[in-house]
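Could you put together the complete structure from these sequences and hints?
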Amino acid sequence: MSNHAAMLQINDHEGLIEARLMMDAIVDEANIQSMDRELKGLIDGREKPMVVINFGNVRHLSSSALGTLISFNSAVQDRDGQLRLAEINETILEVFKITKLDRIFVIEETAQDARASLR
Amino acid sequence: MHGPACAEAGEPMSDLPGSGTGFRDNWRIASARDEIESVLQQVMVLLGGHDWDETSIFAVRLALEEGLSNAMRHGNSGDPHRLIQLELSGDHDGLLAVIEDEGPGYDPDSVPDPTADENLTVASGRGLALIRAFMTEVTVVEPGNRLEIRYARPAT
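Residue numbers (my numbering), protein chains in the order written: chain A, 20 to 138; chain B, 6 to 161.
It is worth saying that the hints were derived from the structure and are not from the lab.
Just so it is clear, the structure is predicted and the values come from calculations on it, not from any experiment.
Note that beta-carbon positions come from the ideal geometry of N, C-alpha and C, so glycine has one too.
There is no bait here: all hints are sound.
Which chain B residues stay away from chain A? Per the calculated CB distances, all over 12 Å, these:
id, residue
1, Q47
2, Q90
3, V103
4, E105
5, S115
6, E153
If you anchor each label on the Cβ, the simulated ranges turn out as follows:
id, chain 1, residue 1, chain 2, residue 2, range
7, B, E42, A, D97, 30 to 36 Å
8, A, D43, B, V127, 23 to 29 Å
9, B, T126, A, D63, 17 to 23 Å
As structure tokens, then:
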């Protein structure tokens with residue numbers, strides 16, 4: 020099943036949800052709130068959700084967007100689920116490293132690696 | 006207004022590396038997200054026009070984004086009638102950005118370290134840390150409503 024939303028393109032296959040971020044810059048507060056709603060909608064009513072967020076399109080990311088990802092990670096863990104981040108470019112990866120968020124997120128190089136790690 | 010750099014003795018431009026055609030510009034920005042985005046776009050075009058590479062533009066965009074967002078949200082309490090002043094000067098090799106809001110200021114030492122273990126899962130409070138990490142020199146000027154950011158592009 021696949022559908023297209025404002026911030027995320029979703030592929031939900033055999034219980035594994037891959038959410039591809041569609042914006043190249045996740046800095047606008049309205050967009051970040053939309054992303055927050057859409058991400059949380061993905062795991063609504065699900066037990067042990069397995070989610071991959073694909074950053075392949077993302078070139079810019081604000082600290083506010085990081086906050087939303089942290090909240091989403093907590094929501095996934097509250098449901099005994101697992102979250103993987105993938106396809107993060109070098110400069111964005113640096114943001115995760117500087118903030119030490121690479122210690123709370125599981126980051127895989129490719130979406131394929133991320134999917135494989137959840138199967 | 007873009008023109009040749011005309012730094013006078015003691016002005017910020019004087020300690021920037023390199024020489025050649027520079028830029029100097031300033032904006033008075035309403036505390037509104039779309040206003041900030043519009044200015045950021047102008048800055049990106051400006052830097053691109055001075056042959057800045059993508060990595061350096063990313064670093065400056067991130068720092069200005071965080072600095073202007075903090076000024077809007079915290080300094081000006083989101084009041085669209087309160088303004089943010091952005092002054093930008095620089096050249097091919099670096100820049101100095103000054104962001105000033107109309108708020109009472111704050112003590113940057115009062116912001117908890119977002120990289121401490123106990124704060125890693127806290128959703129906010131990373132803006133200033135990111136600015137400091139990506140920029141060369143960052144000063145919060147007392148009473149804390151003025152942020153001075155200096156960035157020297159890495160030698161290639």
